[in-house]
Amino acid sequence: MFGELYKLPPSWGEAIQLWVEWLVAGGASTETIRLRRGIVRSVARQLGTLRPDDVTTEQLIALCARQKWSNDHRRGLRAALIAFYDWSLSNGAATTNPARGLPSVPESKPKPRPAPDRIWRELLDAADPRELLMARLAGEAGLRRGEVAKTHCEDLIEDLMGWSLIVKGKGDKQRTVPITDALAEAIREYLIEYLIDGYLFPGQIDGHISPGHVGVLISRLMPDGWSMHKLRHRYASRGYAGTKDIRAVQEALGHASVATTQRYTAVSSREIRAVSESAA
Numbered sequence: 001m002f003g004e005l006y007k008l009p010p011s012w013g014e015a016i017q018l019w020v021e022w023l024v025a026g027g028a029s030t031e032t033i034r035l036r037r038g039i040v041r042s043v044a045r046q047l048g049t050l051r052p053d054d055v056t057t058e059q060l061i062a063l064c065a066r067q068k069w070s071n072d073h074r075r076g077l078r079a080a081l082i083a084f085y086d087w088s089l090s091n092g093a094a095t096t097n098p099a100r101g102l103p104s105v106p107e108s109k110p111k112p113r114p115a116p117d118r119i120w121r122e123l124l125d126a127a128d129p130r131e132l133l134m135a136r137l138a139g140e141a142g143l144r145r146g147e148v149a150k151t152h153c154e155d156l157i158e159d160l161m162g163w164s165l166i167v168k169g170k171g172d173k174q175r176t177v178p179i180t181d182a183l184a185e186a187i188r189e190y191l192i193e194y195l196i197d198g199y200l201f202p203g204q205i206d207g208h209i210s211p212g213h214v215g216v217l218i219s220r221l222m223p224d225g226w227s228m229h230k231l232r233h234r235y236a237s238r239g240y241a242g243t244k245d246i247r248a249v250q251e252a253l254g255h256a257s258v259a260t261t262q263r264y265t266a267v268s269s270r271e272i273r274a275v276s277e278s279a280a
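Per full-length UniProt numbering, the sequence shown starts with residue 1, numbered consecutively.
Possibly wrong hints are sitting among the right ones.
Pairs of lysine-lysine residues, derived as DSBU-like cross-links and limited to a Cα-Cα distance of at most 30 Å, are as follows [stated by the list, open to error]:
#1 Lys7 x Lys68
#2 Lys109 x Lys173
#3 Lys244 x Lys173
#4 Lys109 x Lys68
#5 Lys170 x Lys109
#6 Lys170 x Lys244
It should be emphasised that the hints constitute simulated quantities derived from the structure, not laboratory data.
Put together the whole structure using the sequences plus the hints.
Spelled out as structure tokens, the structure:
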């Protein structure tokens, strides 16, 4: 399930493998396990110690200080290492948790940057049929690249209100996202045209394409500085502009908190100007 690109000392390899089995037994999602395992393996390789218990807080701080990582990456690394060493303490693989000494990292608060109409149109014009559907799932249904990768033919459902998609989100959490008749028809035509009876985008990751490859396919069709994730920002911003219902947008995006959703929704200059005019 989780391939190895490089060998680690036996003590590291055994501890990480047992930890992964523990995470699987606890129901952690495949994506979460892959990410956390990769972080711990990378740190072990860079530090070069023989055992997890040989690592010190000072070594971890020095490693983090040398890197030009984003705050989000630093937060993820700290969380993964703390989790690994908490498990190691309980199972005899370590006698201390050096990651507990890492400084807490403030959450980054980037401004929303939705893909504008010009970039959206150019993307759709340049895409092949597979890329086109991937882009539309992100831009018209708000799916993350990992959710696009895992979309299955059985996820398209119809009820009295219309068409919807069952979306498999982070942590294997599912949500139902209403979609337009036009997008539903595009999915149905794609299934027929390419004889799809499983995942919309087959691949080598548990039967579907990898999220990373989905992101690469779409981002390379966009200008420098733009990525597939900005299509999700576009969906959120347009959805909020049309409804003014931040809670509905939150549910559609699958966010745990409204605060996260607010980071996705751009406010137009017209709306900001209206505030000043109302206050005058």
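Structure-based check of all given hints:
Proximity of lysine 7 to lysine 68 is assessed by CA-CA distance (about 25 Å); at most 30 Å being required, the pair is judged to hold. Annotation: proposed proximity of lysine 109 to lysine 173 holds, straight-line Cα distance about 24 Å (limit 30 Å). Between lysine 244 and lysine 173, the direct Cα distance comes to roughly 25 Å. Compliance with the 30 Å bound is thereby established for this hinted pair. Restraint check for lysine 109 and lysine 68: satisfied, since their Cα atoms lie roughly 17 Å apart, inside the 30 Å limit.
For the suggested pair lysine 170 and lysine 109, the alpha carbons sit about 20 Å apart, so the restraint of at most 30 Å is met. Taking the CA atoms of lysine 170 and lysine 244, the gap is near 25 Å; set against the 30 Å cutoff, the hint holds.
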